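Participant: Just need the whole structure built from these sequences, with the hints factored in.
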Amino acid sequence: MMKMILTGNESAAWGARLSRPKVVAAYPITPQTSIIETIASFIANGEMDARYIRVESEHSAMAACIAAQNTGVRTYTATSAHGLALMHEVLMWASGARLPIVMSVVNRAMAPPWSVWTDQLDTMAERDSGWIQVYTQNNQEVLDSIIMSYKIAEKHHILLPTMVIEDAFILSHTSEGVDVPDQSEVDEFLGEYDPAFKLDPDEPAGFGSLIMPEGPYMEFRYKMALAMEDAKKEIASVVKEYNERFNRNYEPFIEEYRTEDADAIMFVLGTIGSTAKDVVDEMRKEGHNVGVARLRYFRPFPMEELRKMAKKTNMIGVVDRSYSFGPGADLFAETKSVLYNHTDIPIKGYVMGLGGRDITPKILKKVYMDMLKTAESEYVENEVEWVGLHGDERWSE
Amino acid sequence: MPIVLPDDPTAIAKVPSTENKTGGWRTFRPVIHYEKCIRCYICWKFCPDAAIHFAKPEAHESPKEALAKFDTVEINYDFCKGCGICANECPVKAIELVLEENFRGDE
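Those sequence lines, one after another, are chains R and C. Going by the numbering used here, the letters in the first sequence line up with residues 1010 to 1406, in that order. Going by the numbering used here, the letters in the second sequence line up with residues 20 to 126, in that order.
None of these hints come from the bench; they were simulated from the model. Small disclaimer: the values here were computed from a predicted structure and weren't measured. Be aware that a few hints might be false.
As the list claims (entries may be wrong) - Sample of chain C residues with no beta-carbon within 10 Å of chain R, all distances over it, derived:
hint : residue
1    : R58
2    : Y60
3    : S81
4    : E115
5    : E120
What the hints assert, rightly or not - Only some residues are given here: those of chain R computed to face chain C with a beta carbon under 8 Å:
hint : residue
6    : R1107
7    : I1220
8    : Y1231
A virtual CB, placed ideally from N, CA and C, is assigned to each residue, including glycine.
Facilitator: So this is what it looks like as structure tokens:
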């Protein structure tokens, strides 16, 4: 074990390095670039035994990973925003082909207007791609989640690719102390990659060829749905094992902070979770019983855990760093749908921080005050509210 | 009855693609009337799926049937999608498009 000062992107590169992928195929895009730059230097220096494939686009990067993984080796790639969108078609191929590829995604806003700052629309737009999605809160969690993701994804009853997601700049380009595990410990934890199937010249096979409507297309999708459900059990046991081996304290699905007896719980993804914890402490000192819950896995979605959490409180405020032109916001819509028929507490969505606009303790405190008011009135006036628009005095600091 | 799921996690075909039959989406089946066929092979040339091939008389066929097929082509219904290009191109209208449901139960 070694303490290092690493940015979120260097942590991702270290997570990948320690997992020993044999092929890395990637295309640079801000704010992901320093992940693959760091990996390129690891490989060039002989510190990582992997083939680095330079490609002309993200679509090709994922296609190369799919082909390589199909030959029976572990692969890794990383992207952001428009790169992820360009991969869209092949993301579906990776999951349908049941290839446990692990990819880092650095959340970035979709243009126009051109923006490189954090925003979760890019990954939310891929929520139905059949990929497992884990959202991280600090650089340590970025590194650890990559290692854990290989272990979970590669189980023969799971075989689903995984996105390990970090916020642009807030994590990707910010340095923190990170505990880097020894290679031997990671080797022991992960083991050699044991593919469930692979391209083999001695036993030729075609992968993913045409099947007719009477063929088992629907059954293969159903098997994916079952695998996504099974992944919950696997995540719980792998996180537990990782915590014990590496002395960590991750919650598998929902990290709750001071939620017991809370009048209102803020439900968030990513780094907003750490800011909210500070705000909770401050507000508790002032006599407001509030808590925060940070969701780690958006896919699979931990329905039981969320329903259990809802029983502890009188109100849930969901913060989304993305917007869906329909039900309003992605995590909000999901939360409401999971809790429908299970609780009658008010649930309200807050859309904030789009295009990387800062989510400060001050503005979160205002959101908490609105949540407490909603909890008291038991009535949600605006189900989804945009927070912090220019000129909106309600939220101005 | 329990749900029946494939053993493999995804479609892994351990047989050549010639075994993966894809003719099932035909609405019309092209049928060659050999007595009209002039052996020009235009249909063979135009078939976009290479589903028309030179006929080989089968052992069970009578000499008359075999003779009728002599030097002509056959349609492989395992792969023919029923696009009708052959019937459209045939200069002597020797290929008839017959509604596929008339054959249901034949195979």
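Participant: Grab the minimum C-beta distance from R/I1220 to chain C and call the hint holds if it beats 8 Å, violated otherwise.
Facilitator: Holds: closest Cβ of chain C sits about 6 Å from R/I1220, inside 8 Å.
Participant: Far enough from chain R: is every CB of that chain over 10 Å from the CB of C/E115?
Facilitator: 25 Å, holds
Participant: Does the claim that C/Y60 lies off the interface hold, with its Cβ farther than 10 Å from every Cβ of chain R?
Facilitator: Fine: 28 Å to the nearest Cβ keeps C/Y60 off the interface.
Participant: Holds or violated: is there a CB of chain C closer than 8 Å to the CB of R/Y1231?
Facilitator: 7 Å, holds
Participant: Is it the case that C/E120 keeps its Cβ farther than 10 Å from each residue Cβ in chain R?
Facilitator: Holds, since 16 Å exceeds 10 Å.
Participant: Once the shortest beta carbon distance from R/R1107 to chain C is found, is it less than 8 Å?
Facilitator: 4 Å, holds
Participant: Holds or violated: is the Cβ of C/R58 farther than 10 Å from all Cβ atoms of chain R?
Facilitator: 33 Å, holds
Participant: Is the nearest CB of chain R more than 10 Å from the CB of C/S81?
Facilitator: 35 Å, holds
In the structure shown, no violation is registered for any of the earlier numbered hints.
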